[in-house]
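K.L.:
Protein sequence lines, in the order shown, are assigned to chains A and B.
Under the working numbering, the first sequence has 1104 at position 19, and the numbering climbs by one with no breaks.
Under the working numbering, the second sequence has 1088 at position 3, and the numbering climbs by one with no breaks.
Be aware that one or more of the hints could be misleading.
Given that identical chains are not distinguished, each listed pair holds provided it fits within a single copy or across any two copies.
Under the rule of at most 25 Å between Cα atoms (straight-line distance), these lysine to aspartate or glutamate pairs were calculated in the DMTMM-like manner [as the list claims (entries may be wrong)]:
no., residue 1, residue 2
1, Lys1152, Glu1301
2, Lys1202, Asp1133
3, Lys1152, Asp1214
4, Lys1195, Glu1108
5, Lys1195, Glu1122
6, Lys1202, Asp1225
7, Lys1195, Glu1211
8, Lys1202, Glu1096
Hint data in this document are derived by calculation from the structure and do not stem from the laboratory.
Residue strings, one per chain:
Number of protein chains: 2
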Amino acid sequence: MNSIVLVVEDEPAIQELIAINLEHAGHRVWRAGSAEEADALVRDALPDLVLLDWMLPGISGLAYARKLRGADRTRRIPIIMLTARTEERDKLEGLEGGADDYLTKPFSPKELLARIKAVLRRRAPERTDDAVEISGLRLDPATRLVAGGGREITLGPTEFRLLHFFMTHPERVHSRAQLLDRVWGDHVFVEERTVDVHIRRLRQALEASGHDRLIETVRSSGYRMRGA
Amino acid sequence: MNSIVLVVEDEPAIQELIAINLEHAGHRVWRAGSAEEADALVRDALPDLVLLDWMLPGISGLAYARKLRGADRTRRIPIIMLTARTEERDKLEGLEGGADDYLTKPFSPKELLARIKAVLRRRAPERTDDAVEISGLRLDPATRLVAGGGREITLGPTEFRLLHFFMTHPERVHSRAQLLDRVWGDHVFVEERTVDVHIRRLRQALEASGHDRLIETVRSSGYRMRGA
DNA sequence: TTCGCATGTCACAATTCCGTCATGTGATTG
DNA sequence: CAATCACATGACGGAATTGTGACATGCGAA
C-alpha cells in the first residue's frame, strides 16, 4: 500500500490517533490543523489521498474539498470526509462536495483503513501493491515481476509503471497528457511524444509473449489497454 | 532462537515466572514493571518482541502499544498482549491497538513460547533460528553456517544477516532504506549506497557456488532474492 | 601493541535508462 | 491521387543508477 495521506484535522488528539493508525498500516502521513495549512502542503507536492474533517477553523472542510476539486492539479486526489454528524442530509451534501467517501466519528481504525483502501483502489488502483493479471499477463508490484504466459518479462522502471497504470485502468483511453501526469508524475516537463517512445518500448518487451496487442493506439486520442 | 524479549508486567511473581521460562528457552529478557520503565529501556535499544500486560499502573498496556506503534523507530516490533480478561471485545480492541497476538492469563509456558515463535515467524522471520534453504543454498542461523551446493561458504556478520533476511523474504523487492532498517537495525546513520557494497561482498562470496545470481538488482527499486 | 578482519565511504567505471529528434509508414481528407 | 496528419521506429547523447576497487577507521585477538 504505502500511500501518502494528508490528514486535515484540528483536534490534536484525533489527528494523532488517525496518524498513528495510518502509519502503522504503512502509509506516510502529512498533518495539517486547518485547510490553510493543508493547502500549503499541497502546493509543494500532491498526497495520494486526503482525510478531511468536516468542521475546521477558518475554511470549512466542505469548502476545501470543493476547492481541491476545482483545481486541475488536485482534482484527482481522493477525499474522505470525517464528521461527527450522522444526519443523512450532511452525508449527501458531503458527497456532493466531491468527497469519495464519508466516515462518521467515532470510527474504528479498522473501518478507517478499509475505507482508505477501498477509495484508493477505486480512484488510484495503481498505488496499491496488489498483483494484477489480464489475459495471462501478470504484474506484481511487490516483487516487481512481470510475466506473460509463464515467461518472465523484463521492463525498465518507466515501462513498468506505465504497464502498471494501464493494467489498473484497462479499457479506458488515456491521453498522452494524462499518462504523463499519472505515470511520470506531477510537475514534469516532458514532450508528449516521449510517451510514444515508451509505448514502443513497452510493446517491444511484451512482444515475446504476444501481449503487445493488448496496448492499442487510439488515433488522435491516446492509448488504451484491452481488458480481455 | 535467542531473541530479546521485553516483559512489561507489574506483578513481580508473574514477571518472574515469565522471565524464567523465556530465559530457559534461550531468550534474553528485559524486565519492566510499567510502561514508563519499559520506555526507558526501549530508548536505549530495541527488543525483538514485547510482552505487554494489559493492566499496568500509570500508562495502560493498550496505550503503550499504541505509542510503540506510533513511532517510526518502534513500529515494527511485534507485541503480544497479556490479559486476565477473556472478553472478545477487549481482544479486538487490543489487536486494533496494534498487538500481534493476545494471551489470556493463566497460560502455560508452552503456549507462551509457541505464540512468541509464531509471532516472530510472522513479523520477523529473520529473527527465528530455523534453517532456510533456497535452490541448494542453505543457511542455518543456529550454527551460523552457510553452504552452497555442499561447499561451505564464509560470510562476514553483515553479509550473513543480509543473506538471512533475503532468504526469509524472497521474491520481494527491498529498497535500500528497507534493508538498512531491517538488516542493519536501529539507530543507523549509514549511506544508502553502503548497501550496494555489501551486496557486492555477498555476491562475491556466493560466486563460488554460483548462487550469486540469486541476488538480483532491480534498477530504481532495490534488490531481490530469487526463490526458485 | 600489533595484526587482521569487518565496515563504511568515496571516487571512478560500467551500465542502463530516458528524452529528443529525424525519418519512415500508413491512414485520412479534400 | 496528392497532401497532410498522426503515429511508429531507430538512433543518439546525456543523465541517472549501479558496480567495483581502494582506503581509513575501529575493534578485538594474539
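K.L.:
Evaluate each hint against the coordinates.
P.N.:
Hints, verified against the model:
1. Lys1152 with Glu1301: neither (35 Å within a copy, 46 Å between copies)
2. Lys1202 with Asp1133: within (11 Å within a copy, 29 Å between copies)
3. Lys1152 with Asp1214: neither (29 Å within a copy, 27 Å between copies)
4. Lys1195 with Glu1108: Within one copy only: 13 Å inside, 33 Å across.
5. Lys1195 with Glu1122: neither (27 Å within a copy, 30 Å between copies)
6. Lys1202 with Asp1225: within (17 Å within a copy, 29 Å between copies)
7. Lys1195 with Glu1211: within (22 Å within a copy, 28 Å between copies)
8. Lys1202 with Glu1096: within (24 Å within a copy, 40 Å between copies)
Hints 1, 3, 5 from the earlier list are contradicted by this structure; the remaining hints agree with it.
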